[in-house]
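Undergrad: Below are the chains, spelled out letter by letter.
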Amino acid sequence: MTSERKFIVPIGPQHPALKEPGHFEFTVDGEIVTDASVRLGYVHRGIEKGAEERSYIQDLYLFERICGICSHVHATAFALGVERLAGVEAPLRAQAIRSLVAEMERIHSHMLWLGVAAHEGGFDTLFMYSWRDREIVMDLLEAFTGNRVNYSVNLLGGVKCDVNESLRDQILRGMDQLEKRIQHYLNVVTTDRTFLARTEGVGRMTREQADLFGAVGPTARASGVPRDVRVDAPYAYYSTVPVRLITDERGDLLARFVVRINELFEAIRVIREILDHLPEGELTARMPRRIPAGETISRVEAPRGELFYFVKSNGGEKPERVKVRTPSLCNWGSVMQVAVGHKLADMPMILAGIDPCFSCNDRMVQLKRKDSQQWMSWEDLRQYGIEYYKKVL
Amino acid sequence: MNNWSVPPLIALFLFPGGLFLFLWGLFYEWVDRKLVARLQNRVGPRWYQPLADLVKLLAKEEIVPEGSDPTLFYLLPVLALACAMTSALYLPMAGFMPAYSFRGDLIVALYLLSMLTIGLGVAGANTPNRFSLIGATRTLTQLFSYEAPFLLALLGPAIVAGSWRISEINFYTQQQPLWIMVTQPIGFLVALVGLMGKLELPPFDAPEAETEIVAGALTEYSGRGYALFRLGKNVELVIALTLVATFYLGGLANPLQFLVKTLGLLVFLAVLQTLFARLRIDQTVGLWWRIGALLAIAQLLILFVINLV
Amino acid sequence: MRKRLGTMVSDVLRSVFKKPATQLYPFERKPAPVAFRGKLIWEPEKCAGCMLCVKDCPANAIELIVLDKVNKRFVMRYHADRCIYCAQCVVSCRFKCLDLSDEEWELASTGKEPFTVYYGKEEDIAFLLEKMARDNAGENASCEE
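Residue numbers (the working numbering), protein chains in the order written: chain A, 380 to 772; chain B, 729 to 1037; chain C, 276 to 420.
Treat the hints as calculated values from the structure; they're not laboratory data. Don't take every hint at face value.
Said to hold, decoys possible - Listed below are the simulated DSSO-like cross-link pairs for lysine-lysine, each with C-alpha atoms no more than 30 angstroms apart in a straight line: (1) A/K428 - B/K961; (2) C/K294 - B/K762; (3) A/K697 - C/K293; (4) C/K371 - C/K314; (5) B/K784 - A/K691; (6) C/K314 - C/K293; (7) A/K398 - C/K294; (8) C/K294 - A/K697; (9) C/K371 - C/K293; (10) C/K347 - C/K294; (11) C/K305 - B/K762; (12) C/K330 - C/K396; (13) B/K762 - A/K559; (14) B/K961 - A/K702; (15) A/K559 - C/K293; (16) C/K396 - B/K762.
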């Protein structure tokens, strides 16, 4: 006898496991998850539309606010795109500082994730300690840029902040301290018996699956997909200071922990190298206020994976269209597939495993359903939106 | 012999039954929270925080969710707390003589303690909330997994003492030159881990895993009901610590011994709590039945063999 | 890889003898770093009234009120609650008359008033406020009728 009624466990939009709103429905049979679905869009803020109403300079700060954790890479991606349109190249020192801050941001983002993921697995001690040590890099960022989040380092055509001798020493000291702690966390994560019981073999995604679902970033790299924008298409200072690609073949949660922690070591190495060979020179290049007409794309590697910007200019002071594709969105598909067959208790960790950023996610996606023949152009869609709201109001 | 006894009415309302247990439970909750915080390099709550929480909860509105039985909803917290407190009457609280004592009161005390957990489970099943239901299932599953090994572990000292009366076991353990913890290390280990399971401390906190099922069985409880359940858990903490201290740590002869031994045990539990990631409910059950129960039985077998020889 | 139990035991036990990492903020404060971006500070003497800061501010936090363009009489109305402390205005300013303070950064307030800050020569501010009060009074009077 089978019961017709499904037992669905809703997680979100408000739930202790989620620090940002998203809604998940897990159909469970006892403790086993048999089906999973996701609904996003609770924090859609209309940033892309807002960008069309502001000047390029103002947009820089608007895009920084897409995500509070990886704000710097958003601004970098936008600045790189606009600079390419204007035919301006930021000075070498500015590029080096962009990479430097990006790597420091990666450290803070990955350590934040380490804590959150540990907390989802009920390992609060690891959570507390990793966040305590994250303060080291937060303080460094504060001393460097003046802000703890949303550093606003970038300018169109350069950067605002410079590194002097004392700051350099401070950062290097902080990195030494962090390296020791991170080594310790790597040991904990790979040897602790209770923690391994929660991560080893859980949420395994094969390389084929990762390719199929278009996973990006550490999530894909943990499944053995060699994909990293810093390596594939170096931007900023990464062509001068190359980054070693870190992958793992196992594809489970443990592999994601290992990949992210190893990326921390790599980030520390890159930071040291940049600080050792910081090129002298100007911080900014002259940037026109009106950006020549044209369109371009720019890609950077955010802590969560590939971040993609499309910028279209009509020759004025404001962009005609900006499209952002954030890494979290690419990784959701994999989560929903991988979740099926696991225990309900593993769900928070599997969800956290891709390091989701909900506010990054919530932008428009074009869905092409199998039976739907309807296509809309940008203008049609705009018109549809206007009509729709006329009807509602 | 410095084991004093107390008059019945005081036993019920002040000591060891009523007020003492409340205050002591709140105090131990604070000690536990503070210790865990300090071990995690945090500051932790101030000494009156558990009391403030309790007062705040008691002052709050209690909402009975639609679709649940209101009588049960109101009754269960009271029942759970009452059961937990009743079991204190059979224990040498603060090193005094148990207020009541009869042959086999060990079993009664243990089952009164379990009533709290069962009350929790039923309370969760009584509400239509899905988190509560899962929490209730997990609570009861966990109850069935740790109960047997924990009981077996407590039987060890009872068997060597030759009595199932807690007060007699207390006398016996006091007179031993060695603590039973030393003579029956396996049993002590099982009892200690069983204690953590019983109190739903990490890593056995799957029934109330906040990142999965919010607050487990108590998700729908607010205000008075929640306050009573929390108080019940604090009382359970004191009683369970007393029980293990009586059996394995050389008995409780006076208030000082009570304080030192139970606090020592609590410190040890606090350290253990911080060291592990949460176990999934299937892992908990597996651990108890595959390892816990076997260890406890092995300890008993060894005892029988020694007794025969 | 050997599996072990309680891998964090050394951290946990060491913490007992260590001060908690938590900073009890209002009682103990760490001084802000030199580069810290706090409240915006404006020096009216250097300002030429080019309005670039107003134009570039992504949060519309700056208003530059021109009293007399020729004699360079400006008043800046700065909205600390809107400011996102990005320092774009500091970079945009060609006369270096803007800076973000590293001393004044505890800007939280229970009311709205402290968030609107006036910078400029004292007599200019007084003049502006008086003018606003007069305008407001006029508006209110007309509303009541």
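Undergrad: Now, for every hint given, state plainly whether the structure supports it.
TA: Taking the hints in turn, this is what the structure says about them:
no.	hint	result
1	A/K428 - B/K961	violated (53 angstroms)
2	C/K294 - B/K762	holds (13 angstroms)
3	A/K697 - C/K293	violated (54 angstroms)
4	C/K371 - C/K314	holds (16 angstroms)
5	B/K784 - A/K691	violated (57 angstroms)
6	C/K314 - C/K293	violated (35 angstroms)
7	A/K398 - C/K294	holds (29 angstroms)
8	C/K294 - A/K697	violated (52 angstroms)
9	C/K371 - C/K293	violated (46 angstroms)
10	C/K347 - C/K294	violated (55 angstroms)
11	C/K305 - B/K762	holds (25 angstroms)
12	C/K330 - C/K396	holds (23 angstroms)
13	B/K762 - A/K559	holds (28 angstroms)
14	B/K961 - A/K702	violated (54 angstroms)
15	A/K559 - C/K293	holds (18 angstroms)
16	C/K396 - B/K762	violated (55 angstroms)
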